Structure formats: structure tokens, C-alpha cells
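> So the chains spell out like this:
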Amino acid sequence: MIISFKKFGTTLNGRQFGRESFSAFNSSLKNIGKDENVIVDFGGVVTFTPSWGDEFLNPLVSKFGKRLTLKNTKNPSVQASLKILEEVYKKKFKIQN
Amino acid sequence: MESKLFTISQAAEMLGVSIQTLRRWDDSHKLCPIRKKKTGNRYYRKDNIDEFIKSNSKDLFILAKSWAASESEIKLPSIFYCQDISVFQARLSRLERDLGEIQRLKKMYPLISAITGEIGNNSFDHNLGNWPDTLGIFFAYDLSKGKVILADRGQGILTTLKRVKPELLTHQDALRVAFTEIISGRAPEYRGNGLKFVRNVIAANQISLFFQTGDAQLRIAENSPDLKIGKSNICLRGCLVSIKF
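From first to last, the protein sequence lines are chains A and B. Heads up: the first sequence is residues 1 to 97, going by this note's numbering. Heads up: the second sequence is residues 1 to 245, going by this note's numbering.
Chain B on its own, in the form it takes in the complex (with noise of 0.2 Å):
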């Protein structure tokens, strides 16, 4: 089937880099576009855009820390971004069908599904309103590695999460609340109990965790509930997840 044909100024937003940019790479042989005629427009097949990022984003972990660690805005590649929950949805969708086909995940792969839903959706029910700067969140997979990443730039655990438990004071204390209690008291914060799924989860599977708020991380090993609460020197303001499997 023929790849739809996007111009240079659309190309340069799905890869999040300036016009200018696209011509340097089209000098060096770097990223060549198509010309309907010799001297016309250049021109960008998304399979080639898609293709040329990801094997340019080697480690999808590290591009998303890197943007969400970011004091400034970054703008990201549009197919590892997701501008509101329809986008997420849409993807998620993607990915529980990508995961279905993969004959060792048979059984567990709706699991891996609903944790990677539930995480991407807190980012979005606790920020709607109040994001910082960038709506929305990093979301890519790489299921040859068996890896979901996952992160947004909004307030983080400890902002949303006071406002029910105003007595926090710490990241790694909101963190290690949001992966244990049960919050009954919801309004006026929808926090559900989503991590607390995605803890109980991951304790009955071969499913592993890495999950930063603020400077708190958080590692949870496969088959284990056990929470490892540490300290990082980066502190982030939002959230930045790693799922493996």
C-alpha cells in the first residue's frame, strides 16, 4: 500500500526538529525526502519518518527522561506523542493488538495492557486543567525488548495527591501512598487506585517496574510486591515509567 505523502513543515512536527534541519539531512543524505519534480517541494513518506525514528530513538527510555526532565518545553516526535486521552486510547488500542500476537505473552497480555491504560490515563485525569506546559504524555513501545515507556510533564504524584493527604510532605511518601492505600475519600481529587492495581499486578507476573515522580524512584521486581523506594539526583516534575516484560 502506497505510505502517505506529508510536506516538509509536517514532517519537521512528527520529528520534532526545525525545517531547516530536514534540509541539512536531505544535504547529508541523512533523511531524503521524495520531489514530484526535480527542483519542487520535498516530500516525506510516513513510513520512512517512522521508520527513521525509531531506529534513531535507540533508547526510548532515555528520549522520554530526557523530556520530561527538560526545564524547557521539548517538542517530541508526534508518533511517541499523546496530545490528549483519544490519542492514548487510539495507541493503547495499537498496542494490546501488537501484544496479542506475540505467542509468549498469550495470556498475560491484557494485564500488560490495563497497567500501561491505567498509568497513562492517571497522567491524564490528574493534570486535566492544570497541566504546567506540555499537554499530554510520552508513550512508545518496543516490544522486541519486551519494554513500554510512559511520561508526562504535569504536576507528579505529590501535588495531585495532597490534595487529598495534605500531610505528605516527601516524593518518595506520596509515591509509596499511591502504590499502597486505598484512597476512599475522592473528592474533590478523582485519584483512583490505579497503582495499587498496577502493584497488585505485577506481584502475580512476570512484569517488572520502574516508576519516577518528583526525585522519588521506585523499582518493583517481577512476581514481587515489594516497593524499593529510593532518591535520584534528577528531580522531575512529572511522572516517568518504565514497564518490562
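Only chain A is shown next, with the shape it has when bound in the complex (with noise of 0.2 Å):
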């Protein structure tokens, strides 16, 4: 499955509007195979923040692990919030090239 961050908006900020996102996504959640792949596409984010990322980013490491990969991670806001997620989780994202 692949996520794209997009449509969640171009400007994702604060903890109550990434609490919301991810509730309004986590029923699709269900429809993922046992032994399928979880993509997260911030192709078109423009604005990414710690707050919002932690509370849709989160429970997708929680629940996917190693399934999970990152990709379109160019933009300098994304990057910055990744790197202190990884800090705070002590876990390194896998990013997809």
C-alpha cells in the first residue's frame, strides 16, 4: 500500500490535525495483507513538521516495522523531521530512493 502525505494537505502541522489525519486513515490500515509493504509518499508536501509526523508516523512503525519505507523525502522539511524522529524512536527510517 502506498500512503501519500499529500492528501493529508501540503502543510502538515501540529499534533491535533496529525491525531486527526491518522484516525481518518487507520480504517484503511485493516485492508493490509499480513506480509505486504507500507509506503509513505511526501511527494507534494511542502511544509512537514515533528508533531504532525509523530502522530501519523508513530503507530506506522509501531504496527508495520520493517515494512514500512519512506519515499519523495527530498524536501529540507522533511528531512529535518525525520532526522529527529529517529532520535526520539532510536530507530533509522528505511527511505526509499
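For the record, the hints were derived by calculation from the structure and aren't laboratory data. Please note that the accuracy of each hint is not assured.
[Unchecked claim] Residues of chain B placed beyond 12 Å of chain A at every Cβ, according to the derived structure:
no., residue
1, Thr21
2, Asp27
3, Leu31
4, Lys75
5, Gln83
6, Ser93
7, Thr159
8, Phe210
9, Lys228
[Stated by the list, open to error] With a straight-line cut-off of 27 Å between C-alpha atoms, the simulated DSSO-like cross-links for lysine-lysine are:
no., chain 1, residue 1, chain 2, residue 2
10, A, Lys7, B, Lys106
11, B, Lys196, A, Lys94
12, B, Lys147, B, Lys244
13, A, Lys71, A, Lys90
14, A, Lys83, B, Lys106
15, B, Lys196, A, Lys92
16, A, Lys6, B, Lys107
17, B, Lys147, A, Lys74
18, A, Lys91, A, Lys66
19, B, Lys106, A, Lys6
20, B, Lys244, A, Lys71
21, A, Lys74, B, Lys231
22, A, Lys83, B, Lys107
23, B, Lys107, A, Lys92
Since the model is a prediction, treat every value here as computed from it, not as a measurement. Beta carbons: idealized from backbone N, C-alpha and C, even for Gly.
Take the two lone chains and join them into the complex the hints point to.
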């Protein structure tokens, strides 16, 4: 499954908005197969903050672990946010170039 | 395009002044309304109000500081006031768009927008249901001067951080922890790690920061991870922030 973050907006900021976005999408996660990979696509996102990211990515990391891959992460706010989240989670994200 | 018209009471609300003041400004030609009939009610164009606020608020930082430091609640012009997170989110999107049009910021502008978002969001997250008086934040920017200003009349960092670190005693210590330590035990305080993010971004970019909470003032110069934390003579209960780029 590919989760396209731009479908939530181009300015992804704030815990409240992050929580709302995740709970709106949560039901779609039930369709993901046991061995299916999950790709988060950051293409088209302009502003990405750790607070929004934590609310959405933390549950994905917990649920899918190594099956989770991120792509189109070149935006500087995406890169800076992922860096701090890696520090918090003490885990490296798998990035697809 | 025709600008929206506001009644005198709506204009007073937007400007943060009384109706009587607007009548005086009309008599002295400081801010002239339009009248549909010669002796009819006063109406104000939104464009004129916005322009008046901008040209009479030469220093956004001083305006934000006096609002944040005031003992009693002061009404803010509505263009600088975000009562809730949805208003802030909408204005942040506008900032993102405006920054994106500046050539010299072409690569960096998502970072300015992100640190602004993170700081403003912190104010809402940490004060939700606990605002001591005025809800919401001051948020304004002047892109010709490369400046974003934010402020709140919330509880401040020491009070909110004490929930996870009760050993903290001073605003200076709280500010240092907020900008340097990864807080892993989140409950019951959902303090994120946004200010560490802000510091990391400044350390690698031509952005500088001033941040005051309580009597603690922090400065981070552009392209530097170093925190300069001092003491102010003025104590703010909430936070006051200036981002320069």
C-alpha cells in the first residue's frame, strides 16, 4: 500500500491535525495484508513538522516495523523532521531513493 | 476586486480599539470610513483596515511583547490574533505560500514554515484547556524585514515542563531542557520535541531565533547550535518568539 501524505494537505503541522489525519486513515490500514509492504510517499508535501509526523508515523512504525518505507523525502522540512523522529524513536527509517 | 465592508463595531474588533476611538479617527481623518448615505452608518473596507494596521504596527515584536507582558488582557487586531489552531493553520499555509514566492528563500522556506508551525503548535498543545486568560496566540510576519513573530499568554515552558520534570526550578533551566533534551516519557504531558527540531534547523541554516518565557531569554544565532540563555527584567507568563531569516 502507498500512503500519499499530500492527500492530507501540503502543510502538515500540529499534533491535533496529525491525530485527526491518522484516525481518518486508520480504517484503510485494516486492508493491508500480513506480509504487504507499506510505503509513505512525501511527494507534494511543502511543510512537514515533527509534531504532525509523530502522530502519524509513530503508529505506522509500531504496526509495520521493517515493512514501512518512506519515499520522496528530499524536502528539507521532511528531512529535518525525520531526523529528530529517528532520534526520538531510536530507530532509522527505511528510505527509498 | 471589491473589498469586503465591515460595520464600525466589526472594524473596532479587528483593530482592537473602541467604537469611540474609530469615531475620533474619522473626525481627525486618521482612518476614514465610507458611508452609503451622507449621514448614514460608517463602513470600513477590509483592505483599508489591514493596511492601516500594518502601517501603524511598525514593530510587530514590540506589539507582541506588550500584549504578552501586559498584566491585564489587551485586545489584539484580529489580523494578528489566532484564537484557535485552525486559524493558525490557515495563516501558516498563507505564510508558506508567501515565503515560497521569495527567490532567496527558494530552498529554505519549508523550514521557516515548519519551525513557525512547530512553535505555534506548541502554544496550543501545551495550553489547551489551561489558558490562564486569553486563548490563542499572536502570529504576524513582515517578509520585507525577514521576520516572523509569535507570542502567547499561556502557562509558559517551566509550568508545562514541570509535569514531566518536577525537579526544574527556573525558567532558564526549563528553556535549556526544552531546546536540548529529548523527552521520552510523554504522558501525562504531550510535550513533543519541537524545540529541539527548531534548534537543529537553525544550526544548519541562515535563520536566527529569540525566545522568551518567564524571565528567561534565549538567543540562537544563524548557522549555530549554541544557546545563549540570559535573564530579562520583564517576566512573561507565556512565550514570545522572533524568527529572523
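> Compare the structure with the hints numbered earlier in the document and write down the numbers of the violated ones, lowest to highest.
Of the numbered hints given earlier, those the structure breaks are 6, 20 and 21, listed in rising order.
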